[in-house]
Structure formats: C-alpha cells, structure tokens
Amino acid sequence: EPEVTQTPSHQVTQMGQEVILRCVPISNHLYFYWYRQILGQKVEFLVSFYNNEISEKSEIFDDQFSVERPDGSNFTLKIRSTKLEDSAMYFCASSDSRAGGSPLHFGNGTRLTVT
Amino acid sequence: AQTVTQSQPEMSVQEAETVTLSCTYDTSESDYYLFWYKQPPSRQMILVIRQEAYKQQNATENRFSVNFQKAAKSFSLKISDSQLGDAAMYFCAFRNYGGSQGNLIFGKGTKLSVKP
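If you read the sequences in order, they're chains C and S.
Position one of the first sequence corresponds to residue 8 (the numbering used here), numbered consecutively onward.
Position one of the second sequence corresponds to residue 16 (the numbering used here), numbered consecutively onward.
The hints are simulated quantities; they were obtained by calculation from the structure and are not laboratory data.
Treat the numbers as computed from the prediction; the structure is a model and nothing was measured.
For every residue, glycine included, the Cβ atom is placed at its ideal position computed from N, Cα and C.
Certain hints may be false.
Said to hold, decoys possible - Residues on chain S that point at chain C, a partial pick, calculated with CB under 7 Å:
id : residue
1  : 59
2  : 62
3  : 64
4  : 66
5  : 110
6  : 112
7  : 118
8  : 121
Generate coordinates for the entire structure from the input sequences, incorporating the hints supplied.
In structure tokens:
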C-alpha cells in the first residue's frame, strides 16, 4: 500500500538555525498537510497546500514557517529560525480530495529537537 | 470553534476482551466527519474508522465499531476481541464537511495497553 514518507526521522538543531523537514506524499494525492504534536499535547494543524499554494493555515503557522513543493514528489516544511518551543513531532499527510470524508494518510513523523 | 475531548489518557484491556474509548466533541455544524486514528510505536497515524454525521448507522470495520450519538456529541470507539497489536495511541478527530475547513481537529489521545 502506498505510504507517505518523511525524512529525517529525528532532527536535532540549535536555536536560531533553519531546518527543513521533508515529505514524499502518496503519488496521486493532490492535497498536502503539515501537523505537529508537542510532547503530551494534541496533534495540531499547521497548514494545507494544494495546487502549489497554501489553502489554509493555522495561527501557529507564522512567518517563521514556509512550505514548498520544489519538485513533483517532495513537500517540505521550513522553519527559518527555530525556537525551543518548536520542538515537537511534525507529521506530513496527504489526501486525494479535500472533501471532509476523504481520509488523510500520515507519515511516520519527524521528531524535531531544538536545543 | 470545534473542539475534541478524550477524557481517558490511558486505558488497559486484557487480550480477547472488549474495550471502549471515549470521545466527545463540540461543534455548531450539522454536517461533518469523525475519525479514529491509531498511532502505534512506529508513529505512523493509521485511519481506523470513519463516521459521517448525517448517517445514523454506526460505522463498523471488523473488530472496530463506533457508538455515534449526534445529539450528545459523543463518538466512542469499541474494540472487540482485543489483540496485542491493538496497543497504541488512539486519536479521535473531527473534520468539517468540505467547505472552508479541510483540516482535522484532534483530541489529545488515549494510550491503550493490551495485556496478554
């Protein structure tokens, strides 16, 4: 069964550094998402992306964050200047439709640790 | 704003027994979808079951079934004949019916342990 893959599985970075998290969505999917989960807290929506532009974003997704689909397969999340509070699990997801019933397929996540 | 609440941080069940995980939500919408996702130690979030709010019939997927009470805004997950592989974090999630909101809203999760 096709999967969403994320790399790396764990990223350690120093505060103030830029980090790029990478995702390869399922090949025939058109809608892409990033979520994050701070340890012990809820999984939170960050951003959705379709047709090479952001469809929706949450309050968390401020100017420090950006997303890009640099080629036909990758979908990236960039954090320009990481803060300690950016430490979390980051999940990429994709779906073939934005209809409410269309399930999101998630990757295994990237654990980001900011020191 | 919609919210999803899972009041049980941890649950435990004996292998082959039945367990029910609770979820309540708050919304002013009448059409929406509800989901249960499973997150095993491998960390991948796997869709377990989905319920359309406009359907009165409770969804069922093999050993997994839901008790959807729309008026009470309750959406519990029942796992029958529990297996060791069912041990995981379980997340309840809400999503609007199309429209302007495409994102999922998750609860905090319930950690399920299965005892042999």
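Quick rundown of the hints versus the structure:
1. 59: holds (5 Å)
2. 62: holds (5 Å)
3. 64: violated (10 Å)
4. 66: violated (9 Å)
5. 110: holds (5 Å)
6. 112: holds (4 Å)
7. 118: holds (4 Å)
8. 121: holds (4 Å)
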